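Chemist: For the protein sequence lines, the chains are S and G, in the order given. Taking the working numbering as reference, the numbering of the first sequence is continuous, increasing by one, and the terminal residue is 357. Taking the working numbering as reference, the numbering of the second sequence is continuous, increasing by one, and the terminal residue is 357.
Since the hints were derived computationally from the structure, they do not count as laboratory data. The structure displayed is predicted, hence computed values, not measured ones. A portion of the hints provided could be inaccurate.
You can't tell identical chains apart in this list, so a pair holds if it fits in one copy or across any two.
[Claimed, not checked] Only pairs whose alpha carbons sit at most 30 Å apart, straight line, appear in this in silico DSSO-like list of lysine-lysine:
#1 Lys-350 to Lys-242
#2 Lys-350 to Lys-213
#3 Lys-295 to Lys-350
#4 Lys-295 to Lys-237
Protein chains: 2
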Amino acid sequence: MSRKKDFVDKAIAAAQEERGVVLVNTGNGKGKSSAAFGVVARALGQGMKVAVVQFVKGRADTGEAAFFREARKVFPDKLFWHITGEGYTWEIQNLPRDVAAARAAWDLASRYLSDPEFGLVVLDEMTYAFKFQWLELSEVLEVLSRRPPMQHVVITGRAAPQELVDAADTVTDMVSVKHAFQAGVKAMPGLDW
Amino acid sequence: MSRKKDFVDKAIAAAQEERGVVLVNTGNGKGKSSAAFGVVARALGQGMKVAVVQFVKGRADTGEAAFFREARKVFPDKLFWHITGEGYTWEIQNLPRDVAAARAAWDLASRYLSDPEFGLVVLDEMTYAFKFQWLELSEVLEVLSRRPPMQHVVITGRAAPQELVDAADTVTDMVSVKHAFQAGVKAMPGLDW
């Protein structure tokens with residue numbers, strides 16, 4: 165047991181404050197959005213109302229969308245899931261720079277971020293909106309700082325800006341040690357989408 | 165767009181092989197298990213059968229356990245969730261070294277890892293079983309290598325052994341940049357459990 169880990173575990177045991185947390189999942193590795201979806205499951209299981217706003221439109225047939233659409237049947241009026249923005253591609257430089265779509269997504273997100281009934285708000289792949297300057301980071305940080313005190317927020321996407329990292333409570337850098345595509349394996353249903 | 169990222173995106177576009185993937189979520193940051201639960205949602209949404217074996221027994225009242233217990237009502241006979249092992253504590257050095265419990269969990273996991281009906285098997289917090297030498301890594305690697313070819317496996321936990329990283333297809337090191345407990349915030353329901 166390293167000294168550092170020992171310190172960390174003592175800090176966990178000593179922590180007593182209860183409040184909403186801003187969590188940022190960034191980095192180039194796999195897990196940023198799937199960890200957010202795992203937290204959606206966790207929050208619903210704790211009886212919370214949850215909103216998910218996806219800032220970059222992916223394929224419509226993802227497993228997560230199908231799953232949560234079905235799961236809403238047993239969690240009525242608890243989960244609100246929005247796929248906004250424009251088309252998705254790994255060739256990110258070719259994304260349509262649709263400021264209007266990002267703006268509409270943010271207006272939607274802002275409403276959830278001012279509603280204390282929502283215990284969790286997920287802003288999936290939002291960091292790209294800063295990268296391409298679709299949104300003003302300062303405006304987003306202002307709204308985050310004024311949100312209901314017990315509300316958790318999860319923001320995902322590569323290359324989170326430093327000011328967002330500074331403002332967040334918990335930040336995980338998901339580092340890719342290796343990835344199956346490097347061995348020629350394509351994105352697999354049930355694992356990657 | 166960096167040259168490295170450009171290469172990575174081209175590699176993704178070029179990948180054509182379809183097969184089961186072994187994914188390892190390791191590191192000290194938040195997201196290892198929640199990313200696994202997100203993949204559970206994704207796989208269920210793709211119509212797969214899913215088994216989850218948790219190797220370290222946590223609190224019984226987690227949001228994820230409550231959520232997936234309810235969600236099974238709309239995914240009958242698709243999700244098998246086992247909480248095995250002994251008591252959980254951040255003071256890991258005090259965990260009961262219950263070889264028998266780890267062995268029983270592994271026997272259960274092994275059955276799923278030989279059943280091609282299961283598209284995803286999650287071995288949550290399994291790395292601790294290697295750390296404390298409850299299980300033989302070589303035996304686990306052998307079973308993983310002989311599993312059904314289309315089956316995905318997600319293994320989570322801190323400090324994944326190098327041989328497991330070598331054998332895996334995709335490995336994410338979840339690095340803690342900062343964590344809310346460092347600012348005195350306790351583990352929060354809906355976010356952390």
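Chemist: Taking the hints in turn, state whether each one holds.
Modeler: Each hint, compared with the structure:
1. Lys-350 to Lys-242: between (34 Å within a copy, 25 Å between copies)
2. Lys-350 to Lys-213: For Lys-350 and Lys-213, only the inter-copy Cα distance (21 Å) is at most 30 Å; the intra-copy one is 35 Å.
3. Lys-295 to Lys-350: within (26 Å within a copy, 32 Å between copies)
4. Lys-295 to Lys-237: neither (36 Å within a copy, 41 Å between copies)
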